[in-house]
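Could you put the whole structure together from the sequences, leaning on the hints where they help?
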Amino acid sequence: MGDKVLTANRLTDGIAVWLDANGTWVTSLQDALVARHAEAVAALEAIGKTSYADNLVVDVAVVDVQETDGVLWPLRLRERIRAQGPTMEYAPGYKPADPAFIAV
Amino acid sequence: MTRIWRETGFVENDPWVIETEEVNAGEGQKPLLSLEELVAKADESNEVGFGVLIKPADDVRKLEPYLYRLELVAVAFPAFNDGRAFSHASLLRERLGYTNELRAVGDVLIDQVPHMLRCGIDSFAVTNETAIKRLTEKRLPEIPHYYQPTARDAEPGKSYSWRRQAKPAA
Amino acid sequence: MYRYDEFDHAFVAERVAQFRDQVERRLSGELAEDAFKPLRLMNGVYLQLHAYMLRIAIPYGTLNSKQMRMLAHVARTYDRGYGHFTTRQNLQFNWPKLSDMPDVLAELATVEMHAIQTSGNCIRNVTADHFAGAAADEVADPRPYAEILRQWSSVHPEFSFLPRKFKIAVTGAERDRAAIQVHDIGLHLKKNDKGEIGFAVYVGGGQGRTPMIAKLIKDFLPEEDLLSYTTAVMRVYNLHGRRDNKYKARIKILVHETGAEELARQVEVEFAALKDTELKLPEADVAAITAYFAPPALPQRAEGWENLARWKKADPAFSRWVHQNVQPHKNPDYGMVTISLKPIGGIPGDASDSQMDAVADIAEDYAFDEIRVSHEQNLILPHVALADLESVYRGLVAIGLAEANAGLITDIIACPGLDYCALANARSIPVAQEISRRFGNPERQAEIGELKIKISGCINACGHHHVGHIGLLGVEKKGAELYQITLGGSGDEHTSIGEIIGRGFEPEKVTDAIEKIVDTYLGLRNDPSEIFLDAYRRVGPQPFKDALYGDSKAEAA
Numbered sequence: 001m002g003d004k005v006l007t008a009n010r011l012t013d014g015i016a017v018w019l020d021a022n023g024t025w026v027t028s029l030q031d032a033l034v035a036r037h038a039e040a041v042a043a044l045e046a047i048g049k050t051s052y053a054d055n056l057v058v059d060v061a062v063v064d065v066q067e068t069d070g071v072l073w074p075l076r077l078r079e080r081i082r083a084q085g086p087t088m089e090y091a092p093g094y095k096p097a098d099p100a101f102i103a104v
Numbered sequence: 105m106t107r108i109w110r111e112t113g114f115v116e117n118d119p120w121v122i123e124t125e126e127v128n129a130g131e132g133q134k135p136l137l138s139l140e141e142l143v144a145k146a147d148e149s150n151e152v153g154f155g156v157l158i159k160p161a162d163d164v165r166k167l168e169p170y171l172y173r174l175e176l177v178a179v180a181f182p183a184f185n186d187g188r189a190f191s192h193a194s195l196l197r198e199r200l201g202y203t204n205e206l207r208a209v210g211d212v213l214i215d216q217v218p219h220m221l222r223c224g225i226d227s228f229a230v231t232n233e234t235a236i237k238r239l240t241e242k243r244l245p246e247i248p249h250y251y252q253p254t255a256r257d258a259e260p261g262k263s264y265s266w267r268r269q270a271k272p273a274a
Numbered sequence: 275m276y277r278y279d280e281f282d283h284a285f286v287a288e289r290v291a292q293f294r295d296q297v298e299r300r301l302s303g304e305l306a307e308d309a310f311k312p313l314r315l316m317n318g319v320y321l322q323l324h325a326y327m328l329r330i331a332i333p334y335g336t337l338n339s340k341q342m343r344m345l346a347h348v349a350r351t352y353d354r355g356y357g358h359f360t361t362r363q364n365l366q367f368n369w370p371k372l373s374d375m376p377d378v379l380a381e382l383a384t385v386e387m388h389a390i391q392t393s394g395n396c397i398r399n400v401t402a403d404h405f406a407g408a409a410a411d412e413v414a415d416p417r418p419y420a421e422i423l424r425q426w427s428s429v430h431p432e433f434s435f436l437p438r439k440f441k442i443a444v445t446g447a448e449r450d451r452a453a454i455q456v457h458d459i460g461l462h463l464k465k466n467d468k469g470e471i472g473f474a475v476y477v478g479g480g481q482g483r484t485p486m487i488a489k490l491i492k493d494f495l496p497e498e499d500l501l502s503y504t505t506a507v508m509r510v511y512n513l514h515g516r517r518d519n520k521y522k523a524r525i526k527i528l529v530h531e532t533g534a535e536e537l538a539r540q541v542e543v544e545f546a547a548l549k550d551t552e553l554k555l556p557e558a559d560v561a562a563i564t565a566y567f568a569p570p571a572l573p574q575r576a577e578g579w580e581n582l583a584r585w586k587k588a589d590p591a592f593s594r595w596v597h598q599n600v601q602p603h604k605n606p607d608y609g610m611v612t613i614s615l616k617p618i619g620g621i622p623g624d625a626s627d628s629q630m631d632a633v634a635d636i637a638e639d640y641a642f643d644e645i646r647v648s649h650e651q652n653l654i655l656p657h658v659a660l661a662d663l664e665s666v667y668r669g670l671v672a673i674g675l676a677e678a679n680a681g682l683i684t685d686i687i688a689c690p691g692l693d694y695c696a697l698a699n700a701r702s703i704p705v706a707q708e709i710s711r712r713f714g715n716p717e718r719q720a721e722i723g724e725l726k727i728k729i730s731g732c733i734n735a736c737g738h739h740h741v742g743h744i745g746l747l748g749v750e751k752k753g754a755e756l757y758q759i760t761l762g763g764s765g766d767e768h769t770s771i772g773e774i775i776g777r778g779f780e781p782e783k784v785t786d787a788i789e790k791i792v793d794t795y796l797g798l799r800n801d802p803s804e805i806f807l808d809a810y811r812r813v814g815p816q817p818f819k820d821a822l823y824g825d826s827k828a829e830a831a
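Chains as they are written, first to last, in my numbering: chain A, 1 to 104; chain B, 105 to 274; chain C, 275 to 831.
Bear in mind the hints are in silico, worked out from the structure with no lab data behind them. Any given hint might turn out to be false.
[Said to hold, decoys possible] With a straight-line cut-off of 27 Å between C-alpha atoms, the simulated DSSO-like cross-links for lysine-lysine are:
id, chain 1, residue 1, chain 2, residue 2
1, C, K522, B, K159
2, C, K465, B, K159
3, C, K554, B, K262
4, B, K242, C, K311
5, B, K237, C, K311
6, C, K554, C, K465
7, B, K159, C, K439
8, C, K465, A, K49
9, B, K262, C, K311
Next comes the structure, spelled out in structure tokens:
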């Protein structure tokens, strides 16, 4: 079983968030808690259900990641884009996604 | 717990029962028949006072010959987003001219009650807690300006023939 | 354009209050997500990859400067300073907070705008020809009827929980600029032999997973029967449209499975009962609504002719822009201007808040305060005096929206794709940008001529790729993006669905593939006046397959 993190979107503003080791929903994938075995994943899923029921987040999902030199890299392109934002300059003051991170 | 609501308030001692394998109409209760059962029973007797439950895929126009013998027509919303019963209700009132009680059963939520009322539904079997609470408080999330005529009687709206307005509260 | 009366203002205010209550109940937890979702969708609120998305309705693509400035204000105040104009003539904001939305909607209401029914299983924005009321070839302005349908379909209690979304388009010319044949209901406004106004009614068109061309089910529907007939179609659909499978729930499937003739018969039965009811449209009502769409009083500006000739001679870039982006107006002293939202290498359909404000200023100063959004993701100023074209052009140059590419290869339609959309399998925007840069040279574009590229990032086809002369469909294969090419699609009065040409292309190979297609076309066209679409229809796919895949078998991806 590969490494996994828990992700969702915040109810109030819809921003993509990940669950960190403190049980807080944070806006950076790199701060996410990584689950490396089945019990840990089950625990993540349980927290996800609770957060959903507590109306903190919506669209909760478990996402596959690979950890290389401390950098978390989602296996799915979709999740890499979610982690970094749109992949081109889209508005002044907002950085586009890092092409190296996004690449397949 | 399911309660029956009408615009005059919650109704106690409602006799109608949707029969299942576990539940049968008992003393003082009356079964809501399926469309097929209603047609069969009505054809073989002279009874009146029937109740019928219309499912989304039913052809509500089949009720036409039996309307005057119906005390209650229930239209089912198995999921709140299955909107077929809005058309059943509209046809019953506008096309068939049915005038007795027309009840919404199933997934009856507060946000759809105003639509149901406008389609001519006048009683509601409500289980959802928020819906019961809001109906008790008479707080319907209604928009009293209408852009289309519907089964339910309404005041003419301003300027254009298709507009209507909610009738002032009695 | 239509102006709200007291009734309209009251309705929108009540709707905002209703939604505010629903949002509060959602944030407090009293309303669960699955019950809230259809309610928020009916107020145009989606949840996307990065954030919520709010889709604002721009009825039949018509707005004025005050409304455009409000969109700019919303972009600036509640979002990240820009908006995206869509293939259904609406506007999308990509970063609004749910908690802010009632306030956003309240602000929009002050300028007669809303986000009602821009999503959900209900009747959506009724779209129309973006040149309505100005085009030289127009028989009648479709917008009054779009407005009547818009009003009638607003919070219709019987049709708010349809099997699926429902899209209506209206056109008023023989040339169909509203793509009516790929809509659930397409209305072709026309006159009969007696000169009476009515509609040819098409039903069951659509793109997506199973693209289908609409079927003509009524040759001539008299004007007064518009609402009763539409009600009949909606009721048949509401009762019989499939609800067992989301991908088979549109009316096009019902038409396909029932048969157009039988469906038309069912509609006629229902229509017969509705025809002489309160749904009949009184002439006075139609006249009253039509009056809102009376064209502005256009003063004679004959000096424009001479000036224009002079300016064109002095500035080749301006000349190119006039040639490509200005279309003939009913009034010979005027032209219809296309403001391309496809700058070379830019994001198709996007505009910043300052660009929106500038367009508002130009519209107010030179265009009788009227702006349109086309389904090709451009803005239109339908009434501009030839004498003012130079000033308009300078204004557009200043904000980077003067690309002379309307209808050319770099005028690309692209959905937001995987950069934004939770439904997408692949990105659209970077593909569009690369193609745009490769073909950016103005001479080259002019040489190639009219060529409509449309890109969708998933099977839902929001980029309308099925009706692109060249269509690109992004798919996911083994975790990577792949692009399927279709050729020969068109959304005009000779609607055709593009044909898949062969196996797909990796992102880095797409632009070269487009180049091969273009070179093949240039090599086999009769002469420069034979546009790509016509050449393709003449020669078929084989020359293009040969060019792209050589002698090897081309299996569809």
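Hints versus structure:
For the hint linking K522/C to K159/B, the alpha-carbon distance of about 21 Å falls within 27 Å, and the restraint holds. At roughly 43 Å between alpha-carbon atoms, K465/C and K159/B are farther apart than 27 Å, so this suggested pair is violated. At roughly 16 Å between alpha-carbon atoms, K554/C and K262/B fall within 27 Å of each other, so this suggested pair holds. Annotation: proposed proximity of K242/B to K311/C holds, straight-line Cα distance about 24 Å (limit 27 Å).
Only pairs whose Cα atoms come within 27 Å are accepted, and K237/B paired with K311/C is accepted, the gap being roughly 21 Å. Restraint check for K554/C and K465/C: satisfied, since their Cα atoms lie roughly 19 Å apart, inside the 27 Å limit. Taking the CA atoms of K159/B and K439/C, the gap is about 23 Å. The hint holds against a cut of 27 Å. Between K465/C and K49/A the CA atoms are separated by roughly 60 Å; this puts the pair beyond 27 Å, and the hint is violated.
Pair hint K262/B plus K311/C does not hold up; C-alpha atoms about 32 Å apart against a cutoff of 27 Å.
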